[in-house]
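J.: Since the structure of chain V is already known, use the hints to place chains B and G on it.
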Amino acid sequence: MIKHSLKLIWNQRKKNTYLIIELFLIFVLLFLNGTYLIEKGSYYLEGVGANVEDVTYIRLEKKTPITPNDLATFNALKNELREMKTIENVSLNYRSTPYTYSMQRDKVKAGKHQLNCRIQSVDDDYQKIFQSPITAGDWFTAKDTNNRIAPALITEKTANYLFANESPLNKRITIGRDEFRIVGVLEKSKRNNYEKEQHAIIIPISRSNWLKENNLSELAIRSYSGQALNIQEVISHLRNYLPAKQYDIRQISEMTQMKTNANRFTKSDILMSLGIMLFLIINMVLGMIGIIGYRVKLRREEMAVRMAMGATAKKVSQQIRVEMYLLCLLSIIPALLMAIQIPLLDLFPVDDSLFYIALGSAILFIYLLVAIAVWYPARSILRIEPALALKEE
Amino acid sequence: MQLHPIINYIREQFRHHRFFTFLHLFGTTITVMIATMIIMDLDNHVHPGGPEENTAQLRYITVMNLKQTHSNNTKTGGVTLPIAQKIAQRVHEVDHVAFSTTKNWTLPKDYSVYGLALRYTNSKFWNVFSFEFIEGNGYTQQEVESGEKKAVISKKLRDILFPGQKQVIGKTASINDESCTIIGVVENVSATCNQTHADAWLPFTLHDRQATSGMVNEPGTYSLSFLLSANSSENILQQEVNNLQAEINQTKKEWKIQLAPIGDSWSAHFRDPRGVGNYEGKFNELLTLFSRILLIMLIPAINLISLNITRMHERSEEIAIRKTYGASNTRLLNQLLVEQGGLTIVGGILGFLFAIVTFLFYKNEILFSTGSFEHIEVSFRISFLPIIGSLLVVFLLNIMGGFIPALKIIKIQPAKALKGDLS
Amino acid sequence: MIQLTNIQKVYQTRSIETLALDNVNLEVKAGEFISIMGPSGCGKSTLLNIMGLLDKPNEGVLKLDGEAINGHSDKQLARIRNEKLGFIFQSFHLINSLSVLDNVEIPLLYRKVSAKKRRARAKEVLEQVGLSHRMQHYPRELSGGQAQRVAIARALAGNPQVLLADEPTGNLDSKMGSEILELLHSINRESNTTIVMVTHDKLMAEKTERIIHLFDGRKVN
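Residue numbers (my numbering), protein chains in the order written: chain V, 180 to 572; chain B, 578 to 1000; chain G, 4 to 224.
Here chain V stands alone, though its shape is the one from the complex (with noise of 0.2 Å):
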């Protein structure tokens, strides 16, 4: 039955050309679709490696660039808003925070290895407002931060790159011309949910660029959750420490919106190029049903003399649809053969198991497809009358 099938599409392929062209062309489209929504479906399932619920964020600049006494100021102000009764906790940081756009990069040395990482200056507190899982050692205390040489923490991803199998603590880390040592590692930092992870290097703020002239500063307010954060009161308290003639207040945010705002742009692709899927897909399916449908009409003389000569009409409904699959398959073929390639010269973004993921989806869902284009002409062979359809004159 199936080689039946195949020797009647292989002899009608040209008459099939439009239909094929269409299925391999969809079958693209869904393979490329599906490894882009994947990949950013991988990434944006990753986290951020931050919980930013209850978070606010200020963003102050100075007029002048920021001295180490200022420290003592900033640690000032962190007491005294956390005595308000919705306040947590407070952090001060650097270039640190998610879903911001400011980052800071340098050249980070461990060993023989070398890489371009993110650097991020934070105080002992920002664990505590962000509460990122650590997976190994601890994270840094004031005591550490005193040290001669400053501790550091680094993510698994770094972790891996530099350390291999060996475990990245206590070993050493230069930024240039400081050196660190690793007191901790991160499960994860990224910057933004559809963002591929980058490496990424922890330090205290006090050890940092923070203080090599340098106006930014930025707070991170862990509110108790549920309550609201009162911002008039929040900047009156800050205006107690850093009056408005030396600092700017660039910006006050809630993080959940931020993690909206940061998110919006990919979330709106993602979402488009559903859509335009969505509709080229629909477009195809109605297609089919019509172009299938045609010809089953055009075909019912066949039908009726397989009818005649012992076939229910079930089985010629059946045949139908397998020869819409195995030309379905003619169609993918050569797709199939372009897309092994990507695992074999290692193109794909992600995880090559993903890959395969990918590859299996777009070739069920375009099963789907065909089957449900299939489903209502097939439906219709059941209703031929052979008399009616052999009736010579």
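Keep in mind that the hints were calculated from the coordinates and are not lab data. By construction, the Cβ of each residue, glycine as well, lies at the ideal position given by its N, Cα and C atoms. One should not assume that every hint holds.
Stated by the list, open to error - Under 8 Å between C-beta atoms, here's a sample of chain G residues computed to sit facing chain V:
#: 1; residue: 52
#: 2; residue: 55
#: 3; residue: 57
#: 4; residue: 58
#: 5; residue: 78
#: 6; residue: 81
#: 7; residue: 82
#: 8; residue: 84
#: 9; residue: 85
#: 10; residue: 90
#: 11; residue: 96
#: 12; residue: 100
#: 13; residue: 104
#: 14; residue: 109
#: 15; residue: 110
#: 16; residue: 113
Said to hold, decoys possible - The calculated DSBU-like cross-link candidates involving lysine-lysine, where the alpha carbons are at most 35 Å apart (straight line), are:
#: 17; chain 1: B; residue 1: 988; chain 2: B; residue 2: 900
#: 18; chain 1: B; residue 1: 680; chain 2: V; residue 2: 257
#: 19; chain 1: V; residue 1: 424; chain 2: B; residue 2: 988
#: 20; chain 1: V; residue 1: 194; chain 2: V; residue 2: 476
#: 21; chain 1: G; residue 1: 126; chain 2: V; residue 2: 186
#: 22; chain 1: B; residue 1: 733; chain 2: V; residue 2: 446
T.: Okay, now just chains B and G, sitting in the frame of chain V:
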């Protein structure tokens, strides 16, 4: 070309071949809709209208590099204030040079926190761009130089600061902790106007960072805008800027500046913000746009082809008879193309309308998908570009989807066809 | 072999009721070669269709090979058709996109026969009708007579007891028509296959054993 047979044909298609007609319309409508939206998106970003209406004569420099003399270390950002001032003063090829920088301003009011934008500009800003003043006017050179605290606000800000009042000239308001006198109120400026958008405009002398901007080891935040006059030459202007740049670099030891080449609104929108390299130009962007639309059109077009082949099959008897009675191939071709063209045009019109409606409802999401969203003002305009674009798409669909099948069908032999043999 | 008793067939369209067959009684013995003749629209094809289990009579009883066809499911009818009947049509009804050999195989596809056996049997019948040299050709490349012979081979592939031929020579010239008739006769003689042939052609009908005349759905003499 008579309308009547076309309308007849369409009516008949609706009655007897509902499915295929629906499919034809569906494919055409949504394809045109998508194409139109893509074009409108581009158009609204490159020609945002409002104060930046005069795209033909506006030119910009928005990016500046600082390169360390003896290494590859590069910092990229906007132009610094002293450099902007120098260029504004010394350039002669144009009459008006504007420079401006933005700043976010959080205004807590009545339990809400408004995220607003401030723009600090020079006085020529009002000459370069065409703002629509509801009341008053912009600040003058003298007012800027003397550091007077004058401000121009948008209608939206007026309604926030002075709810219910229509005449606010002369009143004072606290803008960014400075008490300013309102000297002008303008119509709201869409957020798509990158170079002019703000809720309040102030003289740059009020900007508190300017004290520190004497040092040039950091890029700044200003962008320059030039208004070409009738006899300005862009080349000469670029030359003047290059000379100034060389002059500035002569006095620097550690960091050399490099300004981006003067560009129009296309380059301002598409230029890679990390670099001052050459912008390949309009042509590339249009090509990318065109190929994207073409790719999206491909599947509906193929659908249309097979759809029309099927339809033609059904009409083969009619066509065979027409041929027998002497219709020439060209005449038949015309008839077929025009008939199914009618349907495509209906789909095109619908698609265009759908695009506009969707744009109306989702203009924020489509045009402004980055950045903070609340209270943002986005308006869009429909120029002739999307209209032409969608017409072109309709035309292409017609050609691609109708021409090929029509060519095939007029080649049938009447005698065979009438017997049912369509080989 | 075939027994029709009081067969009545009515065609119902939206407003018109057509009486195609009215109280037809007929008996065909095994091994007989009979013709059915009559003017256009007299119900010959309908009669053939009923005999071929392609159509159900409104009234009356049909017996095939001793078995009464009554309340059989579609599946059962299909099986009977497959095993006991072979059809030949005026316009051959070959499948254009399959080779001659693939066309002839078709009845065997609907039986549980191995591919090897199918091929062998198809070649055998093609040999029988004298067309084994055209096995790989396509129907478009055949003359009318050759095409009909392939159709006959196809009808014989399943070793049926009855051949039902609806105007088998209608699309052929007189020379080819005679050849086909010759072929049918030889099949009838050699395998004792019952043949029921509907025809317009008086000369051909007279060469068969018995002629049934139909007029307005009734048997006439």
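J.: It remains to establish, for every hint, whether it holds in the given structure.
T.: Evaluated hints:
no.	hint	result
1	52	4 Å, holds
2	55	7 Å, holds
3	57	5 Å, holds
4	58	4 Å, holds
5	78	5 Å, holds
6	81	4 Å, holds
7	82	7 Å, holds
8	84	5 Å, holds
9	85	2 Å, holds
10	90	5 Å, holds
11	96	5 Å, holds
12	100	4 Å, holds
13	104	10 Å, violated
14	109	6 Å, holds
15	110	4 Å, holds
16	113	5 Å, holds
17	988/B with 900/B	10 Å, holds
18	680/B with 257/V	26 Å, holds
19	424/V with 988/B	85 Å, violated
20	194/V with 476/V	15 Å, holds
21	126/G with 186/V	18 Å, holds
22	733/B with 446/V	29 Å, holds
Hints 13, 19 from the earlier list are contradicted by this structure; the remaining hints agree with it.
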